[in-house]
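Listed in order, the protein sequences are those of chains U and C. Residue 1 is where the first sequence starts when you use the numbering used here, and the numbers rise one by one after that. Residue 1 is where the second sequence starts when you use the numbering used here, and the numbers rise one by one after that.
I should point out that these hints are in silico values taken from the structure, not numbers from a laboratory. Remember, predicted model here, so these are calculated numbers, not experimental data. Be aware that one or more of the hints could be misleading.
You can't tell identical chains apart in this list, so a pair holds if it fits in one copy or across any two.
[Said to hold, decoys possible] Here are the computed lysine to any residue pairs in the SDA-like style, where the Cα-Cα straight-line distance is at most 25 Å:
(1) Lys86 to Thr53
(2) Lys154 to Gly126
(3) Lys180 to Phe104
(4) Lys50 to Arg209
(5) Lys51 to Asn84
(6) Lys187 to Gly126
(7) Lys154 to Ile214
(8) Lys155 to Arg70
Number of protein chains: 2
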Amino acid sequence: MFLGNFLTDTETVAVAACFFGKQRLEYLLELFGIYARPRIGYFYQDVPVKKETLRELVDLARNSASASNRQALKFILSWEPEKNAKIFPLIGFAAQLRDWGGPFDGERPAAYIIILLDTEIAKQTGADTGIAAQTILLGAVEKGLGGCMHGSAKKPEMMQALNIPAKYEIQLVISLGKPKEQVVVEKVGPDGKTAYWRDEKQVHHVPKRSLEEIIIG
Amino acid sequence: MFLGNFLTDTETVAVAACFFGKQRLEYLLELFGIYARPRIGYFYQDVPVKKETLRELVDLARNSASASNRQALKFILSWEPEKNAKIFPLIGFAAQLRDWGGPFDGERPAAYIIILLDTEIAKQTGADTGIAAQTILLGAVEKGLGGCMHGSAKKPEMMQALNIPAKYEIQLVISLGKPKEQVVVEKVGPDGKTAYWRDEKQVHHVPKRSLEEIIIG
Numbered sequence: 001m002f003l004g005n006f007l008t009d010t011e012t013v014a015v016a017a018c019f020f021g022k023q024r025l026e027y028l029l030e031l032f033g034i035y036a037r038p039r040i041g042y043f044y045q046d047v048p049v050k051k052e053t054l055r056e057l058v059d060l061a062r063n064s065a066s067a068s069n070r071q072a073l074k075f076i077l078s079w080e081p082e083k084n085a086k087i088f089p090l091i092g093f094a095a096q097l098r099d100w101g102g103p104f105d106g107e108r109p110a111a112y113i114i115i116l117l118d119t120e121i122a123k124q125t126g127a128d129t130g131i132a133a134q135t136i137l138l139g140a141v142e143k144g145l146g147g148c149m150h151g152s153a154k155k156p157e158m159m160q161a162l163n164i165p166a167k168y169e170i171q172l173v174i175s176l177g178k179p180k181e182q183v184v185v186e187k188v189g190p191d192g193k194t195a196y197w198r199d200e201k202q203v204h205h206v207p208k209r210s211l212e213e214i215i216i217g
Numbered sequence: 001m002f003l004g005n006f007l008t009d010t011e012t013v014a015v016a017a018c019f020f021g022k023q024r025l026e027y028l029l030e031l032f033g034i035y036a037r038p039r040i041g042y043f044y045q046d047v048p049v050k051k052e053t054l055r056e057l058v059d060l061a062r063n064s065a066s067a068s069n070r071q072a073l074k075f076i077l078s079w080e081p082e083k084n085a086k087i088f089p090l091i092g093f094a095a096q097l098r099d100w101g102g103p104f105d106g107e108r109p110a111a112y113i114i115i116l117l118d119t120e121i122a123k124q125t126g127a128d129t130g131i132a133a134q135t136i137l138l139g140a141v142e143k144g145l146g147g148c149m150h151g152s153a154k155k156p157e158m159m160q161a162l163n164i165p166a167k168y169e170i171q172l173v174i175s176l177g178k179p180k181e182q183v184v185v186e187k188v189g190p191d192g193k194t195a196y197w198r199d200e201k202q203v204h205h206v207p208k209r210s211l212e213e214i215i216i217g
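Start from the sequences, fold in the hints, and give me the full structure.
What follows is the structure, encoded as structure tokens:
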């Protein structure tokens with residue numbers, strides 16, 4: 001199926017020709033590959049992310065699937081240094097890199113999207129949080145950004161710091177910015193360890209299980 | 001940012017020209033839009049989905065983010081009518097369409113991907129299930145397929161019917177096939193109701209909250 005499937009017939013022919021026979025999925029794969037890269041995230045902190053960009057990313061999530069279509073997720077955007085400074089110390093970064101104290105000032109995220117559950121709409125999010133987060137990060141990569149999902153956060157402190165009403169529950173924090181880090185996705189080695197690691201050149205390595213290991217039937 | 005960012009410089013020029021200045025994100029938006037459509041799913045059941053296609057979809061999920069990179073999700077594929085027939089009666093379809101008894105024989109999914117948690121690796125999936133499911137469905141749309149995430153399933157019966165070892169927990173079932181249904185994403189009306197519905201022409205309507213309603217700060 002070619003990219004052209006989303007275009008008019010005339011455009012299809014042109015685009016198909018341009019793609020030299022490559023299927024769009026290959027580009028998606030590249031996209032996902034790139035998405036996988038800026039997982040941990042240190043950034044060019046001085047490259048700002050616009051409010052409008054964050055709104056566009058949430059709009060992608062808005063149009064995605066939701067359990068029973070209840071749409072119980074709400075979002076808080078942060079793109080200004082003052083608000084960012086409130087959020088940064090309350091989220092966990094790269095817990096498996098114990099020797100790393102970063103990201104350091106100047107390499108911190110330039111923006112955040114906080115995903116909340118509106119408990120007046122639903123008591124749990126099911127798969128909705130992951131659907132929204134993946135959609136947002138995919139869109140972010142598309143915009144030349146990278147990011148990280150932070151499940152680890154000091155949630156009570158964040159509720160207070162941002163004056164979030166008690167009816168909301170923080171689900172996930174997404175950090176965003178222009179990625180500075182180099183990341184390599186590779187196979188899990190014979191020791192079976194999946195922990196990510198950094199080499200001496202500060203390249204971030206992410207070992208992924210094989211397709212054979214994860215398809216069980 | 002143009003699609004061309006993932007191509008060589010020569011390809012970039014050609015593709016950028018073909019796209020008439022459209023940004024790739026616009027195509028992603030269309031893609032997500034299309035993805036949102038075949039949400040409920042009745043299908044051209046006689047159009048098969050190949051095993052290799054399902055493997056490619058899982059491979060997209062495999063390369064995506066995972067909490068602490070533990071990769072505790074495992075997958076079962078089904079593309080043969082016999083196995084499909086075991087799965088179909090054990091999943092819930094469109095609970096909000098109470099008068100609909102379908103999808104009926106001939107319009108049922110042609111394939112399934114069952115997402116499991118390997119409890120020997122992790123005790124919960126966090127956002128991983130949603131990340132994987134969204135990734136798979138996005139890839140499916142790319143391949144001219146559509147699908148639905150089924151959180152509602154008779155899980156003990158499915159464990160038994162498919163001889164799934166007890167260390168796995170069923171998280172979500174994704175049905176797949178060539179979509180037959182017409183779906184429209186629209187605004188939530190003044191009554192605030194988000195339940196999806198079908199009109200007399202069997203067009204499926206999915207009301208989505210506005211961006212203003214879901215961005216709270």
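Taking each numbered hint in turn, which are not upheld by the structure, reported in ascending numerical order?
none
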